[in-house]
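**Student:** Take a look at the letters that make up each chain.
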Amino acid sequence: MHDLSARGTESFVERSKGTVIVTTLASDSHTWNLVFLQVLIEECGYDVVNLGPCVPDELLVSECRDRNPEMIVISSVNGHGYQDGMRVIGQLRDAAPLAATPIVIGGKLGTDGGEGASRTHELMAAGFDAVFEDGQDPIAAFHAFLATLPSEPRRQAVEAADHARVSA
Amino acid sequence: MSELTAVREGRPAGPAPVDFGEFVRREGGNGRLVVQPRMGFGDPGRMRTGLVATKAADAATVGTLTLDSYTRVGNLEAVETALRDGIDLNGYPVVSHPAETTAAVLDGVRDQTFPVQVRHGSATPIDIFRAMMRLNLNATEGGPVSYCLPYGRTPLADAIRNWEDCCDLYVRMQDVGIEPHLETFGGCMLGQLCPPSQLVAISFLEAMFFAQRGLRSISMSYAQQTDPVQDREAVTALRRLSAEMLPVANWHVVIYAYMGVYPETDHGAYGLLASAARLAVTTGAERLIVKTAAEARRIPTIAENVQALEYASDTALRTGRGRDDTFTDSPTYQEARALVEAVLNLDDDLGRALLKAFRHGYLDVPYCVHPDNAGRARSYIDSGGRLRWADTGKLPIAGIAERGPSRKIGSADLMNDLFHVRCKFDAGPRELDPASPELIRGRAAVGSRPKEYTA
Ligand code: B12
Chain A
1 MHDLSARGTE SFVERSKGTV IVTTLASDSH TWNLVFLQVL IEECGYDVVN LGPCVPDELL
61 VSECRDRNPE MIVISSVNGH GYQDGMRVIG QLRDAAPLAA TPIVIGGKLG TDGGEGASRT
121 HELMAAGFDA VFEDGQDPIA AFHAFLATLP SEPRRQAVEA ADHARVSA
Chain B
1 MSELTAVREG RPAGPAPVDF GEFVRREGGN GRLVVQPRMG FGDPGRMRTG LVATKAADAA
61 TVGTLTLDSY TRVGNLEAVE TALRDGIDLN GYPVVSHPAE TTAAVLDGVR DQTFPVQVRH
121 GSATPIDIFR AMMRLNLNAT EGGPVSYCLP YGRTPLADAI RNWEDCCDLY VRMQDVGIEP
181 HLETFGGCML GQLCPPSQLV AISFLEAMFF AQRGLRSISM SYAQQTDPVQ DREAVTALRR
241 LSAEMLPVAN WHVVIYAYMG VYPETDHGAY GLLASAARLA VTTGAERLIV KTAAEARRIP
301 TIAENVQALE YASDTALRTG RGRDDTFTDS PTYQEARALV EAVLNLDDDL GRALLKAFRH
361 GYLDVPYCVH PDNAGRARSY IDSGGRLRWA DTGKLPIAGI AERGPSRKIG SADLMNDLFH
421 VRCKFDAGPR ELDPASPELI RGRAAVGSRP KEYTA
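Those sequence lines, one after another, are chains A and B. Count the first sequence with the UniProt record's numbering and you get residues 1 to 168, in order. Count the second sequence with the UniProt record's numbering and you get residues 1 to 455, in order.
Among these hints, one or two may not hold up.
[As the list claims (entries may be wrong)] Here are a few chain A residues that face chain B, going by a calculated C-beta distance under 10 Å:
(1) S29
(2) H80
(3) G114
(4) D134
[Stated by the list, open to error] Interface residues of chain A toward chain B, partial, derived using beta-carbon atoms under 7 Å:
(5) M1
(6) H2
(7) D112
(8) S118
(9) A126
Hints are computed from structural coordinates only; laboratory data are not their basis. Even glycine gets a Cβ: it sits at the ideal position worked out from N, Cα and C.
Based on the provided sequences and hints, a complete structural model is requested.
**Tutor:** Here is the structure:
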């Protein structure tokens with residue numbers, strides 16, 4: 001998928017907080033939400049890998065396993081997010097390095113505008129760390145969640161000690 | 001199941017279904033508008049109730065079966081799971097429900113006065129076409145480009161081949177006396193931020209593709225964008241190109257009410273819908289697909305759909321004038337024509353021409369992440385509200401394109417542009433124009449609960 005990174009154009013030096021995967025689920029073709037989240041998360045200091053639309057379960061699991069990111073952010077707005085999310089979360093948790101990785105989901109997860117949201121409980125019980133449904137100021141809540149994450153990448157010690165990132 | 005056997009045996013059961021294109025051309029145009037919902041429910045009972053309500057609405061209507069996302073991507077297992085566990089689908093799973101069930105949904109509703117169209121968004125649609133044809137459903141929508149780039153990961157070359165095969169299959173309905181109709185989705189693409197000239201060009205080129213595969217009843221779409229004048233230029237350009245070059249007589253234009261981030265307030269949503277209805281009548285478009293007050297949040301109810309249909313139809317009638325030709329020659333026409341000619345010159349075969357066009361960057365949809373899109377073109381909304389090119393990449397419109405001063409689009413700019421239309425209409429006059437409350441019958445906007453239909 002093409003990279004729409006907004007940071008690519010500016011030139012600055014900054015310590016990255018690590019990589020975040022932004023993705024949607026197998027049945028969902030919407031991409032503006034992904035672009036939106038990519039930009040938002042980059043502005044919080046992370047590198048973002050955006051997997052694009054209609055990500056098949058196997059690709060989702062293999063990308064997440066291989067990249068072992070700081071966090072996985074799943075967005076779905078087509079109304080099938082609950083069903084698709086319930087299906088993949090177990091597969092993600094079972095992939096070796098992802099058992100404790102923060103995995104969150106948000107957007108328009110059912111076809112009902114989030115009004116009868118018993119979904120949140122079920123998704124959390126199934127293994128998500130947070131659920132951000134529309135109608136409950138999801139962006140503010142998401143920022144609050146980001147603030148609880150460590151500000152250094154987990155694997156920083158393993159990688160180059162001081163990896164100042166230059167993007168130009 | 002006599003209908004089914006009849007199609008298998010190659011003859012229509014009873015009277016052939018009406019040609020969608022001919023029907024719309026008769027009922028719409030010259031100041032009149034055929035209105036249509038984007039409606040689809042997983043439950044057959046609710047789907048039927050929705051069709052019945054659409055037909056009964058106080059407006060000239062046609063019906064819609066919008067298919068769910070699992071059917072679009074061919075994940076029929078997930079459809080089964082949803083149906084079994086009682087999870088709502090975002091559309092009607094026409095491939096999974098037995099043909100008998102869908103025949104019962106349509107029975108007595110679809111007739112010579114009420115054609116029904118199938119809308120989906122699949123780059124691999126052969127099963128959908130087969131299911132439709134088993135049911136004598138002879139109106140649908142799509143395109144090799146527009147049902148590919150905005151809808152997933154299928155390579156463009158595969159989507160083109162699939163759509164060629166499907167068209168070849170679909171036109172066989174002509175052999176049994178049924179006229180198949182196909183509408184381009186190319187006038188929408190990602191729903192927002194694609195400059196109108198390119199929407200016109202892609203919509204028109206997909207119509208040429210359909211015509212080349214033998215379709216004789218075609219409609220071209222155009223989705224309302226950010227500026228009413230530019231939109232009128234665009235629709236006029238689409239009509240002019242079609243009149244000049246499309247080798248088919250039975251065509252019409254369909255307008256989509258705004259397909260990007262929709263206003264959240266009732267007054268904003270209806271204001272935008274009214275503006276789409278006025279765009280349609282003043283450009284001579286024959287048909288309008290509406291959006292509802294629930295658009296920004298969730299799948300609309302049947303009642304919300306009916307209110308939107310009636311409101312749009314009444315607004316069109318009140319506009320009180322038909323098409324005017326003020327915008328016959330415009331920068332939008334010049335750009336669209338340059339794009340169309342450049343693509344047509346690439347190859348006599350439209351499928352190959354479209355593939356080459358994307359490889360060369362002669363067509364390039366801003367912010368589309370599909371790997372077969374060049375991804376160099378960028379757009380922005382100028383201070384007057386017009387949608388312009390910020391970067392034309394390799395588009396063959398140098399010297400013709402309407403460009404502002406060259407500029408970089410940062411993240412804040414992109415977000416402002418995405419939410420521009422929503423903000424404008426939500427901030428607009430809180431009061432609907434005096435006639436509106438009575439038009440939006442029984443709606444929350446005038447205090448009472450909307451009437452609901454139960455399946
Ligand atoms: C543009 C659009 C399209 C384009 C998409 C092009 C593309 N490649 O992106 C097209 C026309 C192709 C399209 C197709 C469809 N669409 Co659409 N689409 C929209 C529309 C109009 C705007 C979406 C948009 O661009 N938003 C801008 C981005 C930046 O914001 P957002 O996606 O709304 O996300 C916000 C929040 O949800 C939140 N958020 C989202 N994810 C996450 C995740 C986290 C972690 C957090 C914290 C927050 C968060 O942040 C964002 C900013 O506030 C919306 C309605 C609307 N919003 O007005 C419908 C809408 C999303 N579509 C919808 C549907 C159903 C479809 C279709 C299935 C067709 C259909 N049946 O109507 C197909 C999809 C097929 C498929 N396989 O999935 C429904 C979903 C209904 C529901 N959930 O109940 C909507 C709501 C319209 C409606 N009311 O029916 N669509």
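**Student:** It remains to establish, for every hint, whether it holds in the given structure.
**Tutor:** Evaluated hints:
1. S29: S29 of chain A check passes; min Cβ-Cβ to chain B is 4 Å, inside 10 Å.
2. H80: holds, 6 Å
3. G114: Holds. Min distance 8 Å.
4. D134: With a closest approach of 7 Å, the D134 of chain A hint holds.
5. M1: Hint holds; M1 of chain A Cβ to chain B Cβ min 5 Å, cut 7 Å.
6. H2: holds, 4 Å
7. D112: holds, 6 Å
8. S118: violated, 12 Å
9. A126: Hint violated; A126 of chain A Cβ to chain B Cβ min 14 Å, cut 7 Å.
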